[in-house]
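Enquirer: Need the complex rebuilt from these two chains, each delivered in its own frame; the hints are there to steer you.
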Amino acid sequence: MSGSKILITAALAAVIAGGVHAAAAAAEKFSAVYVMSDNLGDKGFNDSAAAGFHRAEKEGVRIKLLQASPSDPQLWRQNLEATSNSETWSVIFTGPGMHDNLAAVAPKHPNQKYVYFDDELLLPNVLSVKYAQNEGSYLVGALAGVVASDKTTFPLGTGAKKVGIVAGMDLPVIQDFILGFKQGVATIDPSITVQVSFIGNFNDAQKAYELTRNMLNGGVDVVYNVAGPAGLGILKAAADANKYAIGVDSDQNGLYPKNVIASMLKQIGNSIYDTSKQIEEGNAPMGTLEVYGLKNDGVALVYNDALVPASAKAKVEAAKAKVLSGEIKVDTAFKK
Amino acid sequence: MSASMQASQFLASVLEQTTPLLLAALAAMITTRANILNVAVEGMMLVAAFTAIAVGEASGSASLALISAIGASAMMSLIFGFVSIVMKADFIVAGLGLNILAAGGTLFVLEQVYQDPGGLRPEVFPDLWRVPSGALSWFPIVGPAFERQSVIVFLALIAVPVCSFVLYRMPIGYALRAVGEDEPAAIAAGVHAARMKLLAVLASGLLAGLAGAQLSMDRLHFFLPDMTSGRGFIGLAATLFGGGLPWATAGAAFLFGAFGALGDRLQTFQAPPQFVLMAPYIAAVLGLILSRVRAAARSRPARIGGRAT
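For the protein sequence lines, the chains are A and B, in the order given. The number in this note's numbering is simply the position in the first sequence, starting from 1, with 208 added. The number in this note's numbering is simply the position in the second sequence, starting from 1, with 9 added.
So here's chain B without its partners, still in its complex pose (with noise of 0.2 Å):
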């Protein structure tokens, strides 16, 4: 096989892997930056995949499988929304119920409607629009690994800029980072706080669903408990590892991702699995630690653990 096929390869598994972590990534940034730190992705995820797989087989359609994810996603954040900033719960106590929420409330669908606690499998599943094949093979090795790939995984790089725009340039994004760096002052501008929270909640809910739908429509095709294995809380990483930017929350997602593709290639070349399989982790632990380095070289406003003082 030739070198340029090997780092084409190389590549699109880079941009498959790095595709969930990367929405995680922005779903926990964008309630970052509002001052809530969100544990919750991984639940909302889970939910996403099962949805994505239930309304597939149910429907046959591919689109609405990806809507009816991202909805229930949605539903969950609100749900999370409503417990933490309305009823004012702890954002870490709300998150992580709602993750035990999600595995027992799919495990209980998958137990009750499908009798099947081990998953959903459906025989038929309809197909992601997706690059056809040779059709980017003009440009070399970059081309041919965006080939085959999903609309999610095109979806998840324009999410970035689109977080970037929202955040710095329109005067909704000001308002949320206003929220999440002094909450009183923003209160005093004129701006609904609570509102804004609200807000940030829901877009994470959005990307989060994007995300689980990935993992289960993209290749799979079949829903398994527990499917998310902690996807959700490496995104989580990758944004405090980014400080909050989406540039460089993006960044350490794939360094993620790509760390990941890279440990699936050595395990063939016989290195300890045990080591391989650390990388993704020790990649987080060493970007934590450098991250507070940085913060505490410049501090930045919208770090987490509370309001500036």
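So here's chain A without its partners, still in its complex pose (with noise of 0.2 Å):
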């Protein structure tokens, strides 16, 4: 028995020493962790938030990525609830998924500093940071109206004029992404038909292979990938039947650099590594809520410059120009 307590005591001695070494080191450098809602490897959204975390590691912050699997909702909150309750971290980034999450637990929390990206959360020690998704999803449209109604520069297209989405789900940020798809096909030619079809999750690729077939089938020109993970089965079903497809989050250009003609980037990245640093000189406007648009280059089109000549980029560009002054407003599925 005795011997037993005295390893138990051993145990806890360490344990509390660790935590006290853990809290030290905390208060020289500054540090950043995220809780995630899915894994890295997407190729995509997590990704590029990656590259932002690993651009401020290499300016000495301490990072770190908790990935934790997209089934599994319960392991997501406990991560947020377990880097909360350290109180070893400078700033907490959370994303997408954890709205209700960080609704619970930010307010137990008050000295402690959160990022939540990709969505918007108002309480005092909350940074909430968007992205314009629909302005960009509008360069998109805008791209693919210049590909269904022009057969001479895009020679798989089929003059049909017609193009479509396949998205994950019917959420608001993806209705976001759609509007502004729509829009911008709108201001090339407002004759040409827009499918939509949702997955109905953002992990079965077959389905997303299968709906894209469906619609490529059915005379549609070009595919936006709006579906996450999934979305690799989109690009593949438009690269079999060799058709155009545009990616998104990353630049998925070379994945099929026959197909993808370009891709919609949020500069998720960047925005991590800024804010981290506003957080960092203590000058971030925590309470708020920032948005990354065209206007501060926080979502971009990265064309695939082989498919995509000089012609049809000016016409997007003209596009774009139109938001940039004012003329256009994005429509957004975030009335305010």
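Simulated from the structure, these hints should not be mistaken for lab results. Take these hints with a grain of salt, some might be off.
[To be verified] Covered stretches of chain A, as calculated for chain B (at least 3 residues, CB under 8 Å): (1) 277–284; (2) 411–417.
[What the hints assert, rightly or not] Simulated restraints on C-beta separations: (3) A:Lys266 - B:Ser72: 23 to 31 Å; (4) A:Leu283 - B:Gln15: 24 to 32 Å; (5) B:Ser68 - A:Lys266: 34 to 42 Å; (6) B:Arg157 - A:Pro332: 57 to 65 Å; (7) A:Pro318 - B:Arg301: 52 to 60 Å; (8) B:Tyr290 - A:Thr401: 28 to 36 Å; (9) A:Pro465 - B:Ser68: 20 to 28 Å.
Cβ atoms here follow ideal geometry from the backbone N, Cα and C, with glycine treated the same way.
Expert: If you want it as structure tokens, here you go:
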């Protein structure tokens, strides 16, 4: 008995010592943790975020990326509570799918700073960062419109004047993509039809493949991927059918270089780096919402230069200029 | 586009969507006949899907990838069999545990071996044998639907009569069903009950392996975590719907596949996506209700939930 007691005491002492040590280390060095609701390696949203953290790490910030299975919401909450309770992190980042968790946890830790990106939560210790995906998708729509109406420049097209979106789930943020896309298509040619299909989740790549192939069989010339990890199935279907696709969240042009004409990027990495810097310097506007849009290069289109000639780019840039000048206001699913 | 071409494309979608469901359903059916409710099909499929891509990338051989996928799934089924039959753990608990092991295990290997937990996507991947384009065009509508389909689709279709033959025309099938319907009586008649159950579980592993390989190898040529997306459970529902009978189970799987393909098409006609995505599940629930009504009408011996009392 006494032997085991000694062991337990020793173990407790080690834990306490470890905790104190970690706290001391944190006091010296700025640190950021990202509580995720997904895994890295999607060659999209999460990897873009990770790039921002690694950039900060190079400048001496202590970072940690806490991955979690997308099908295990309890774990997301546990990770958020554990990092908040530890009080060793200068700032806790969290992102998609965490609204209710953050709304429950953040008020209990008023001295802990949080950055909530890709959504909005107005609490005094939370800095919300959103991306104007509607504005980025507006550019994608303009490009898709050009593809559908210019068969000579884009030889894989059919001239049927149809474009499509295959999306993950019918969520407000996804609707924001869709509204912007539709408006972009309409600025080029209002007679082009836009088809929209939903997978129902963000993992079922086979379903994404099937929906895309179905659209392409029906005469759609270009499909916009708004489906997270499952979107790889969309791109594969476009490549197999030898039609066009447009990637999202990170540069997916290289995955199928003959078929992916462009990718819409939310500059998630940049925004994470910037906000981390702001918080470190103490001038972050906590309790507010920062929007990264076309104006401050928070969203951008990366072209596949081998497939998109300058003439097509010029038409998209003309559409972009209309937004920058304020002539066109891009529709949003987030009504104020 | 001509109507017959559209019909062929629809039929091709039904075939492709049905294949993994059909194989998963047969996998669950064969254990159901040995009185084991197999919820581990999902996990076996996931491991097979991963192994197919990993081995295909390393070896450059599609057939080796397919065989390894089936082998990996069979290994999982033997773990399931060992835990639940030899060690006598509860089937449901063991099955759910196996699913968690499969989800976590594939992620762990992705992270540790491939340093990429988001998935495994080889630049080049060997393709499976497929029916050549134009080879079946002499047969209207149905012929073109089978063109460009992979060997797994055909294996799935052949698996139905094979399962039926083994269960109803071979002594080993009698023994297996006898264990499922009345284990003490079967043992008294000299049947090795545990061996029969293990055999059923192993057969289920082989079928689930094919189902998983189809998901990752047939069209996508990459693996994503959780890419099975509940197909193992839809297969289980098809088995319960089909009352554990091979042809009825296959019919149920085709019904779910057809609802899925139909839903995909309805979406482009601007039907509300929420309702369209519900279609296969509504079909599953209706199917289960129908099967219960039928089961009440004429009591089947190998029903789920223990031996008939």
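Enquirer: Is the hinted range of 57 to 65 Å satisfied by the C-beta distance from Arg157 of chain B to Pro332 of chain A?
Expert: 59 Å, holds
Enquirer: Is 52 to 60 Å right for how far apart the beta carbons of Pro318 of chain A and Arg301 of chain B are?
Expert: 54 Å, holds
Enquirer: Does the Cβ pair Tyr290 of chain B, Thr401 of chain A satisfy 28 to 36 Å?
Expert: Holds, at about 29 Å.
Enquirer: Regarding Ser68 of chain B and Lys266 of chain A, is the given constraint of 34 to 42 Å on their beta-carbon distance met?
Expert: 38 Å, holds
Enquirer: Would you say the C-beta atoms of Lys266 of chain A and Ser72 of chain B sit inside 23 to 31 Å of each other?
Expert: Between Lys266 of chain A and Ser72 of chain B, where Cβ atoms are some 46 Å apart, the hint is violated.
Enquirer: For the hint 24 to 32 Å, verify it against the beta carbon of Leu283 of chain A and that of Gln15 of chain B.
Expert: For Leu283 of chain A and Gln15 of chain B the Cβ distance comes to about 45 Å; the hint is violated.
Enquirer: Taking the CB of Pro465 of chain A and the CB of Ser68 of chain B, does the distance hold inside 20 to 28 Å?
Expert: At 26 Å between Cβs, range holds.
Enquirer: With a Cβ-Cβ cutoff of 8 Å, does the segment 277–284 of chain A contain at least three residues near chain B?
Expert: holds (count 3)
Enquirer: Mind taking a look at whether chain B covers the segment 411–417 of chain A? Criterion is 3 or more residues with CB to CB distance under 8 Å.
Expert: holds (count 6)
Hints 3 and 4 from the earlier list are contradicted by this structure; the remaining hints agree with it.
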